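S.K.: Residue-level listing of the chains:
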Amino acid sequence: MRAVVVTFPGSNCDYDCLQVLRKVMGVDTRFIWHRERDLGDPDLVVLPGGFSYGDYLRAGAIARFSPIVEAVKRYAGRGGIVLGICNGFQILCEAGLLPGALRRNNSLKFRSHDVHVRVETKDTAFTRAYRAGQVLRIPIAHAEGNYIADPATLERLEAEGRVVFRYTTREGARGEGGNPNGSANDIAGIVNAAGNVLGLMPHPERAAEGVLGSTDGLGMFESLVAHCARARVA
Amino acid sequence: MSAYAIEIRVTPRRGLLDPQGKAIQHALDSLGFAGVGEVRAGKLLVIELDADSPDEAAARATRMCEKLLANPVTEDFAIEVGRNAGQPEAAT
Amino acid sequence: MSAYAIEIRVTPRRGLLDPQGKAIQHALDSLGFAGVGEVRAGKLLVIELDADSPDEAAARATRMCEKLLANPVTEDFAIEVGRNAGQPEAAT
Amino acid sequence: MIGAASGGNGSGPAAPEPRPGDPEITPELVADHGLTPEEYNKIVGHLGRTPTFTELGVFSAMWSEHCGYKNSKRLLRLLPTEAPWVIQGPGENAGVIDIGDGYALAFKIESHNHPSAVEPYQGAATGIGGILRDVFTMGARPVAVLDSLHFGDLDSSRVRYLFDGVVRGAGDYGNCVGIPNLGGEAYFDRGYEGNPIINVMCLGIMKREQLIRGEAHGDGNTLMAVGARTGRDGIHGATFASEELGEDSDASRPQVQVGDPFTEKLLLEASLELIRSGHIVGIQDMGAAGITSSASEMAGRSGSGVVIDTALVPVREPGMTPYEILLSESQERMMVVVHRGREEEVRQILAKWELEAAEVGQVTSDGRFRILEDGRPVADIPALPLTEGCPTYEREGIEGEEVRAQREMDLTPYAGGDGDRTADFLRLLASPNLASRRWIHDQYDTTVRTASVIQPGGDAGVLRVRGTRRGIAVTTDCSGRYTYLEPGTGARIAVAEAARNLACAGALPMAVTNNLNFGNPLKPHIYYQLREAVLGMVEACALFETPVTGGNVSLYNETSGTPIYPTPVIGMVGIIEDLERVTRHAFRDEGDAIVLLGRNTDELGASEYLYAMHDIVGGRPPRVDLLAERVLQQALLAMIGEGLLRSAHDCSEGGLACALAESALQEGEDPVGIRVRLADPLPSTALFFGEAQGRAVVSCDPANLERARRLADRYGVPCTKIGTVGAIGGSFIVESADARIEADIREVGAVYFGALPERMDAQ
Ligand SMILES: Nc1ncnc2c1ncn2[C@@H]1O[C@H](COP(=O)(O)OP(=O)(O)O)[C@@H](O)[C@H]1O
Ligand SMILES: [Mg+2]
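Protein chains in written order, with the working numbering: chain F, 13 to 246; chain E, 111 to 202; chain U, 111 to 202; chain A, 150 to 912.
Derived by calculation from the structure, the hints in this document are not laboratory data. Note that this is a predicted model, so its numbers are computed, not measured. Accuracy of the hints is not assured; some may be wrong.
Unchecked claim - With a Cα cut of at most 20 Å, we get these calculated SDA-like pairs of lysine to any residue: (1) A:Lys870 x A:Arg824; (2) E:Lys132 x F:Leu120; (3) U:Lys177 x A:Thr617; (4) E:Lys132 x F:Ala196; (5) E:Lys153 x U:His136; (6) U:Lys177 x A:Arg824; (7) E:Lys177 x U:Leu141; (8) U:Lys177 x A:Gly903; (9) E:Lys153 x F:Leu120; (10) E:Lys177 x F:Ala196; (11) F:Lys121 x A:Gly903; (12) F:Lys35 x A:Thr617.
As the list claims (entries may be wrong) - Far from chain A, by Cβ distances over 12 Å, these chain U residues were calculated: (13) Met111; (14) Ser112; (15) Asp128; (16) Leu141; (17) Pro164.
Stated by the list, open to error - Residues on chain U that point at chain A, a partial pick, calculated with CB under 10 Å: (18) Pro122; (19) Gln130; (20) His136; (21) Asn181.
Glycine included, C-beta positions come from ideal geometry on N, C-alpha and C.
Using the sequences provided together with the hints, build the complete structure.
M.R.: Spelled out as structure tokens, the structure:
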């Protein structure tokens, strides 16, 4: 399996993603600079977190015009697996690869702490290693994670089972106390209609080693590795 | 060719929650300012632009908004050409 | 007593670095928009305010800016009373 | 006109002539530049003629307190600075120690007090920016920041505004660059009204061989200005006020520096790439006094000279004079010394990161700091006197009368009382000085870089060192109330507490960086504070074998003549040999034994109890026995090393009751009840809330209690089982012979975690 992690000017979780893929998962992983036009032929493309272009104007607004994003669009169009974490999620929305947008947290503050998210859809390339309904404990660290989309889009996301992660309490309940940023329908992560592009605000790469306190994010990388192995054989 | 000062106002879509506007309204209230109704908080961009005519300047600014400056999912925009908006005089 | 729509434009002080404006200018450049000069990024606040006269509304808005809405050290502000600025029509 | 003695022909090329438009050098102008007549005469002596306006500005910046350490240097020389593990001591952008396995740790603390008082958001933001640059210009990748904050009383809306702005500014900047916050401190006391203390510390890790110093050697090598353009920001940051500068309006000479963390991130990556590339000789941040200090210090350190043409420096605004360009404190800029002939390679690396680089001058062998404006000389100064020749002073130091009275006040009226202390306890825990700091660090990214083993909220922050079993522990400490009432004791406590914090996490304390925040040293009672604090630090750092590898001095912290509490902030780093053994402050399992290491004493002086309950800053700060502290820490490390402890927590402000609460609260999730009984025959106020030093609250499996006790005995450390960990959600009970605290632990948690948000968010 081969993975690439895209580095935009201002990305700051690129190294973290690379480390987890390489060191924890043993995946052949390299960085790709945003000015490149060719992704090569990876099994997985990660758009990492950070502050591409300082998040000036809007998070992800400027980065989506980077040359590499055109290549990511083509790759996704062919069914390639794309994972956008935090700023990566914001870029995917701005680039139109995922619907909706991420606005400022309703607290108007940067929020950095562990949250609980429930796995809503087990049946994706990103989540098969989890149990349906499993509650994960994963850190967030963002100022603009308040997911919003028009009612029709939200309805479609729900109907099609494309809300993959939802903020909940530790017990897995919705409502008071779970949602850290005001996201519509407590949405923490969504997938595109074809099921190959996923964006989420929490950072699974920060919860993939015991020494850091939680390994709940590991399942996502395990799911991806298993998926890519199957895809290679097929 | 002349230089125009383009003022672009980007505001949260009507009907969308505006937490920042709400927070400001609340803060004004608690500072004792009476009679404050709704507050909306948006962005103001002031762009110097060389163009052949005000119309051309406006057309280009519109394209900028559509492409980059406003997010169609969450924001509306309005463009004004030519006011010397670059130097708002500080009220004193 | 009538309701006024107050528009407040808050912009970074001249001479101060405006990283956001700079980044936007850079982005517009690299998107191929020609003739773009300086870009300044500020805030736009639209406030509904009950007051007895436009002058009173402006005076109160000025105090709001001084107290809360603008940072006296880094920002300038300008106030406009009464334009129906609350509903910028989206250009299409 | 003064100093007309010589029309000037210094050594070397044509002496600089005054520029058209330069003000005349008058005694007033000299005074405005913060220089005394004697200092001015020294300058004339070094030059052999009257300085030009530009030269006066350059000297004034380099001979300011900030760069020249006029009033502190003689004291700072007393600090222990050496140990086998110290690779770089004071004198560079940051100190560096060896942390094993071929790695080195760079770290440094810096103040941004004044800028933050004027504009809290930008002040704190640019403070973070500056300290990051100090660390990455050593070749190290920044891996953590900490922030030590001291504000006035939180009841003031101005203070809340400052606090909120500082936290947002520090957060936004560090978050954007992607450096986790690992800790700090936040105090609120009227002693800082109007003059907040904002100190920020940064740590960076590198391979030993990647160390690079801020040196400019190699005759003919090229000086390049890299990063942001130079604007008129903070030009008088070093010395004097804007009004004296001339007609220009306020707006054209902004004092506020605006941070651009995005550019900083690019600069960080580009600098590390440059350093690894081998194309450069030296690199330094253009921090305080901008081009002047970076270029002259680099020349000074390597005994070379530099020549710079200001017309080549990329500027943000037209019409800037050499004076302005040399003294601008615009952020996110670097001075880089490039091997001659490699300029293009350097430019390419910078272009990749979308940064500008301009050749602005050269290294010379003439030992002079020479400035041209479009080829015309405007300054020509011998470099060594400029960087090293600043006169230093020893001042008179006498303790203030008022402080002595406060220290010696009779505390008996406040010490008495028995019975139900629950209300006192809950009120104390809601004090902004004791309540959870989560409101702060929830605004800081604490997990980026995936190395944070212990995040803020415990005793020390802990980071893993990738590729090794080791961890780095780090903390900042200083209780200004102690240092106010007795500066020497306060400084010793600050060092001891820092070391204790590290030991609780299982780390061996290694080295110190410090920030001396004081009032005006020309006042005898302030110089007394400065001297006593430094002497206390000298003693404690020597005893703990934690040499001082650098720091910063911030004097004149006063508003309308009222000085801040003397605040010598200690930043300390330690090493955890094996992260398997890292220890946290939270109790773990029901039935575990709660054990006190150290001894309870009858001391209530200088306590938060007196401040929060009686609005009193008074009494003697707790006694500190440095030797006892040292053995306590050794005992802790031995117990942790043998795997005997489930938790360890330093006992400090708020006393034993608050330390127990923090351990029981478990960072909020699943708080546990406890039952503790204290046998000491002491007044319950001192017993519960007194701040006796040399104590730690630990817990262990009852099966290990005997071994722990024997170990403590071997070190001669008092070790007492005082209670038992209860069930999740149980009762928090602490009792003595005649008094008792009893509360539902969830209620305790609501108070502890709710206090700051209630004060900050409910406006
Ligand atoms: N309180 C202190 N104790 C020891 N060394 C200090 C102290 N303050 C400053 N130094 C050292 O003096 C040197 C010069 O400091 P400074 O001019 O503040 O550097 P910078 O340019 O980073 O501000 C630095 O190496 C610093 O570590
Ligand atoms: Mg300094």
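S.K.: Each hint should be assessed against the structure and marked as holding or not.
M.R.: Outcome of the hint check:
| no. | hint | verdict |
| --- | --- | --- |
| 1 | A:Lys870 x A:Arg824 | holds (11 Å) |
| 2 | E:Lys132 x F:Leu120 | holds (11 Å) |
| 3 | U:Lys177 x A:Thr617 | violated (53 Å) |
| 4 | E:Lys132 x F:Ala196 | holds (18 Å) |
| 5 | E:Lys153 x U:His136 | holds (18 Å) |
| 6 | U:Lys177 x A:Arg824 | violated (51 Å) |
| 7 | E:Lys177 x U:Leu141 | holds (9 Å) |
| 8 | U:Lys177 x A:Gly903 | violated (28 Å) |
| 9 | E:Lys153 x F:Leu120 | holds (15 Å) |
| 10 | E:Lys177 x F:Ala196 | violated (25 Å) |
| 11 | F:Lys121 x A:Gly903 | holds (17 Å) |
| 12 | F:Lys35 x A:Thr617 | holds (14 Å) |
| 13 | Met111 | holds (28 Å) |
| 14 | Ser112 | holds (30 Å) |
| 15 | Asp128 | violated (7 Å) |
| 16 | Leu141 | holds (15 Å) |
| 17 | Pro164 | holds (28 Å) |
| 18 | Pro122 | holds (8 Å) |
| 19 | Gln130 | holds (9 Å) |
| 20 | His136 | holds (8 Å) |
| 21 | Asn181 | holds (7 Å) |
In this structure, the earlier hints numbered 3, 6, 8, 10 and 15 are contradicted, and the remaining ones agree with it.
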